[in-house]
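Given next are the chains, with one letter for each unit.
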Amino acid sequence: MPGYFYVKDDQYLLNYCAKYLARYNTDRRHAYGPPEVDAPRDRVAEAWRFPIIDTYGGGADAVTDSKTFGDYNDVTFIYAGANATSPANVSVIGTFATLYDPIPMRRAMWEGEATRYWSVTYVIPKGQVHRYRFIVDGGEPVNDPVNPQEEALDNGAVWSRFFTDSFTSPIVLERWELDILYRLSTEILPFQTADSTNFLARFYDHLDRTSKESLYNNVYRLDASVGEVNFIDNILAREERQHLADYKICLRLIDRILRQRNPYMEPSRISREIYFDLYNEMASNQVQGWDYQTYSNPQYFLYLLRRHVATGAFCHPKYGGNAGAAGWAYLAERYTLPSPAPGQPGQTLFDWRRAMEMPLGTNAEYLG
Amino acid sequence: MIKDQFDAIIIGSGAGGAPIAHILGKAGKSVLVLEKGPLFRPQYQSPNGRSDFKRDELISDGPEKRVQLPVVNNGQSYYSSHVEPDLNDEPHIYRDVNNADKATIEGYTAQVVGGGTQLYGGVSFRFSPLDFQLATFNQNRNDIREDPNNDIKREARDWPISYQDLEPYYVKTEELVGINGTRENQQKPFSKDVYQPPLAPNGISEYARRGMEMLAKQLNPQNPILPYRTPLAVITRDHAPSGRKVPTDPETAKTSYVNRYGDPLGLKSSTWVSLLSPVKDLPNFTIRCNSVATRLTYQNGKVDRVYYLDPGGVERSAQAKVVVVACSAIESIRLLKLSALQDRAFDKAIHQNDLLGRYFMTHCFGGASAVLPERYDKSIALDADWATDCCSTEQFLREYGLWAGGALYNNTSDEALPISLLRTKDAMDLDNLWNGFMWASDLKAKALVDYFDNEFGRGLSISFMANQVPQRDNRIELHPAITDKWNRPVAYIIKDWHRHDRYLMDTYAEQAAQILQLSGRDIQAFKFVGKGGSYMAPNGIVRIANHILGGARFGTDRNDSVLDVNCRAWDFDNLYVTDGAFMPTSGSGNPTNTIEANSFRVADQILARL
Chain A
1 MPGYFYVKDD QYLLNYCAKY LARYNTDRRH AYGPPEVDAP RDRVAEAWRF PIIDTYGGGA
61 DAVTDSKTFG DYNDVTFIYA GANATSPANV SVIGTFATLY DPIPMRRAMW EGEATRYWSV
121 TYVIPKGQVH RYRFIVDGGE PVNDPVNPQE EALDNGAVWS RFFTDSFTSP IVLERWELDI
181 LYRLSTEILP FQTADSTNFL ARFYDHLDRT SKESLYNNVY RLDASVGEVN FIDNILAREE
241 RQHLADYKIC LRLIDRILRQ RNPYMEPSRI SREIYFDLYN EMASNQVQGW DYQTYSNPQY
301 FLYLLRRHVA TGAFCHPKYG GNAGAAGWAY LAERYTLPSP APGQPGQTLF DWRRAMEMPL
361 GTNAEYLG
Chain B
1 MIKDQFDAII IGSGAGGAPI AHILGKAGKS VLVLEKGPLF RPQYQSPNGR SDFKRDELIS
61 DGPEKRVQLP VVNNGQSYYS SHVEPDLNDE PHIYRDVNNA DKATIEGYTA QVVGGGTQLY
121 GGVSFRFSPL DFQLATFNQN RNDIREDPNN DIKREARDWP ISYQDLEPYY VKTEELVGIN
181 GTRENQQKPF SKDVYQPPLA PNGISEYARR GMEMLAKQLN PQNPILPYRT PLAVITRDHA
241 PSGRKVPTDP ETAKTSYVNR YGDPLGLKSS TWVSLLSPVK DLPNFTIRCN SVATRLTYQN
301 GKVDRVYYLD PGGVERSAQA KVVVVACSAI ESIRLLKLSA LQDRAFDKAI HQNDLLGRYF
361 MTHCFGGASA VLPERYDKSI ALDADWATDC CSTEQFLREY GLWAGGALYN NTSDEALPIS
421 LLRTKDAMDL DNLWNGFMWA SDLKAKALVD YFDNEFGRGL SISFMANQVP QRDNRIELHP
481 AITDKWNRPV AYIIKDWHRH DRYLMDTYAE QAAQILQLSG RDIQAFKFVG KGGSYMAPNG
541 IVRIANHILG GARFGTDRND SVLDVNCRAW DFDNLYVTDG AFMPTSGSGN PTNTIEANSF
601 RVADQILARL
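Note that the protein sequences, when read in sequence, are chains A and B. Residues in the first sequence are numbered from 1 upward in steps of one, following the numbering used here. Residues in the second sequence are numbered from 1 upward in steps of one, following the numbering used here.
Treat the hints with care, as some may be off.
[Stated by the list, open to error] Okay, derived cross-link-like pairs now, DSBU-like style, lysine-lysine, Cα gap no bigger than 30 Å in a straight line:
1) LYS212(A) to LYS446(B)
2) LYS527(B) to LYS217(B)
3) LYS217(B) to LYS245(B)
4) LYS425(B) to LYS248(A)
Read the hints as simulated data drawn from the structure, not as lab findings.
Chain A extracted, bound-state conformation (with noise of 0.2 Å):
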């Protein structure tokens, strides 16, 4: 229901803020990427969590085929006021509506009383990205204090950010730090060995045409992948930012390492013994050609990557990795038992559909 927004119970608030946002203590505890400008966000807990990207099930005209329901997410803003009093009223202006409509938010109420916190909550489609900002008692409008996404525009004007769910495009990487990242996943995960090659080829080959649309159009080498690039390119612009440096830092040396052992060739198509080497040197923590001055760790980046590769393979797919679910249908085909009689599916040993909610699964009661 794009352009459908309304506000949510107090309760649904409240549970977000406290935990995230309430707190006397001063501190940066939460600072604990490399070293930024201070920030309000380094003093809650999670500011990643802002706006609350969360399923979306309907509002009072809510539609409710399931397959519907699955297209969009409530995206639910939260401001913090100073106190309950003061500001007096909050709005927000963003993308996934007109840039010059403000959208009233209420303050959430507790036991009959005011809070500080204001909310709306905006009906919005999976796969997107917006920008918005906030605008305070009628002031220009502000950036989200919390949430550290930020989006810088041609003019210069920075706003905040968020995405969607199952989000497919690049956020924070570059094309060719995405084809490294691709190439070092893959000496990673099991996707490139000859068998598993096959499934992933039948595998897409099998989707139909708007899956095949939705997620193949974007989703990073999605013929030879699970999406698990796409996975760290959105944790790294939300949930684990502060590793984005890294990523930066070791993506730039391994490329100019890449370029040192074959410099006829792009990063991106050389062999895959460089690639072998190089990830083995990574793992022993002597890489030729390492800048160590820039880097001091390789073999941390190794250990980094790899949580982050296999969760991205095998995590919901709302996550952008494990797209159309295909890592997990890879252990479903792997584990099948064999043909009970001619026609009949082997028993597959890891029903993941059972208990996921659908259209991504068959479970007819839970609804994600």
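Guided by the hints, dock chain B onto chain A, whose structure is given.
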């Protein structure tokens, strides 16, 4: 004006608090429940039909964060959880073997309405009659091993109530909470069997059942004590007391998103869906969640006022005839000690002896694991299928020179899903998630396929959960330097394992191993992997299994206990402590069922005086 006068204020909405709130609420008493965490609703209670709990492997252990506190593990990774506290905001600090302070996620149940019962696997044992009488049992023995200083005879305590006293309340818990299981073969007397029928066990568990049976016959050929279906707090039939309905096919409750996941369908019997929801709409019932209790004050022999912070951090207060503290043993003790810091009269009354925080316990736990020749769909499972009491008979304890017993059960949902298989490689505790996989750099490509081939759907583990020797110096204090996000001192966990604990864990780990080895004997490709007690883990000193017990034990002697037989603090007329803190010994199984049963017992006492 916000209502601030109640018959009872209950701090904490989990296993210790909710039974009392339920009973008092039903009886028409005005009740305020204060809960620090959020209220996460199942689908059927949510305004838009969607739960805050999800079937999502990243909801319980998600994005990486880093410890930023002045502790020696500063910089260590930890992972975001939907219901556990942020470690930088509210750490538990423990003293490690080198006397250095570290932050840990161990010892947190969950900060959410329902507390640990939202996150647990639901294993719901009763304690055995012997668990209530360990002083008497050990008094005249001369066969106890690995206890050179006779600590056990000095420190073991009988509970001031017997199994028979608690038994009717076990029945009440099993009925009102909603537990499935089988009574047959349990070595605990039942006056009534109110279990719902268990679901079909996962195929992999047959190895466990058979091994348990073989071990029983090996231990006692004449009278083997056979296994039973692990009692689980998951409803398998419509549950009249809480009005919950099961899906058309109850077997679909088996998803392996069980242990460490809240249940979006509300089938897992958390105290919210089972005990608090039936009273939530009563006019005499109030729950204020996202509201942290900060201190109690004392006047004229009573808790005079309870102070708390509302969801915006504004201080509020309320008064009641009765105050129940039940926010998990560590946090309850912390709250009492924080109150004492700020109110001299409270301090004097709660420290009428020096026992508050002492005799803190968890369980002796650990187990054994094997890789089976065949593969099973472990994603279709609940937390455990089979359990046995064959290693907690008096005969067994005397033969092995053990002071107390334990239960053994098989895990079914562990490592059932792909990410959990990878992130728990060589790292079974929450402080070490992912480390094993990340550093195993040779686990890649073809080797990673082989790893899945060998492990996925083939791992079977047997766990034990047994009594830990109470020790005076195992204790909870306030940390002298580190504060939480409200600038209050955090809990400081000082504990170690007794020599007998290690011996006991070795003994039970061997029994767990026997179950697997007997079951796999003569079976080609059956691979025994290993065994061990939790004390052997890298951070074994602080392993807690989230069974946090003791620290305010109850008893009949005011010089030897913090609480009286009704779990009331000795020098208070109206202060009760009813989470696991009341236990003088830690019991031979997972504690939730006993905490709940005891709270129903205390609820009757409180009701009688209101």
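Structure-based check of all given hints:
1. A distance of roughly 28 Å separates the Cα atoms of LYS212(A) and LYS446(B); the hinted pair therefore holds under the 30 Å criterion.
2. Between LYS527(B) and LYS217(B) the alpha-carbon distance is near 23 Å, which keeps this suggested pair within the 30 Å criterion.
3. Of the pairs offered as hints, the one joining LYS217(B) and LYS245(B) is violated, with about 40 Å between alpha carbons and a cut-off of 30 Å exceeded.
4. For a cut-off of 30 Å, the pair hint linking LYS425(B) to LYS248(A) stands: about 29 Å separates their Cα positions.
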